[in-house]
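Counting from 1, position 107 in the sequence shown corresponds to residue 214 in the working numbering; the numbering is continuous, with no gaps.
These are computed hints drawn from the structure, not numbers from a lab.
Keep in mind that the hints are not guaranteed to be accurate.
[Claimed, not checked] Computed cross-link-like contacts, EDC-like style, restricted to lysine to aspartate or glutamate with a CA-CA straight-line distance of at most 20 Å:
#, residue 1, residue 2
1, K255, E210
2, K253, E125
3, K239, D203
4, K255, D203
5, K255, D209
6, K183, D219
7, K193, D203
8, K255, E242
9, K133, D203
10, K239, D219
11, K239, E222
12, K253, D241
13, K253, D171
14, K238, D171
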Amino acid sequence: MKLVIGGVAQGKLDYVLENMIEKTEKYDVYDCFFLKDNACNDKESYKDWPWNLAVDDERIFIIDKFHYFIRAVLEKNLPLQEYILKFMQFAEENQDTIVIADEIGNGIVPLDAFEREYREQTGRAEILLAKKADEVVRVICGIGQKIK
108 MKLVIGGVAQ GKLDYVLENM IEKTEKYDVY DCFFLKDNAC NDKESYKDWP WNLAVDDERI
168 FIIDKFHYFI RAVLEKNLPL QEYILKFMQF AEENQDTIVI ADEIGNGIVP LDAFEREYRE
228 QTGRAEILLA KKADEVVRVI CGIGQKIK
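The whole structure should be built from the sequences, with the hints applied where relevant.
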């Protein structure tokens, strides 16, 4: 698994497509932004979603906007630690996975308690991903800096 992090609108997905995937390789992009509206509507659905995605062994699986995955789980009061463990297991089983996430912990600390918790939990999840990842790249202004 590879992890790509950086600020909002810094060109992370473009960087991945231009520098981490060969022109002849096939890939699928799963955009977690859409989770905020229609995923995991009850406490039981997390057991099947999104781990039932059909991952083709000959395609690279790119998970974009991982931070929205964390937000969707928190907003629906689902068991975050179980989700993160399942996600880690999914990433280990699918070694060609590339996870893209925003760094959201910089700047002014939000007044809203949920926003503070979201930032905290996203940071902790990204730490776990970085520890397990074979490669970690930070992208700023479309330029990648390998940090692991």
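Quiz item: Okay, which hints does this one fail, numbers in order?
Solution: Of the numbered hints given earlier, those the structure breaks are 10, 11, listed in rising order.
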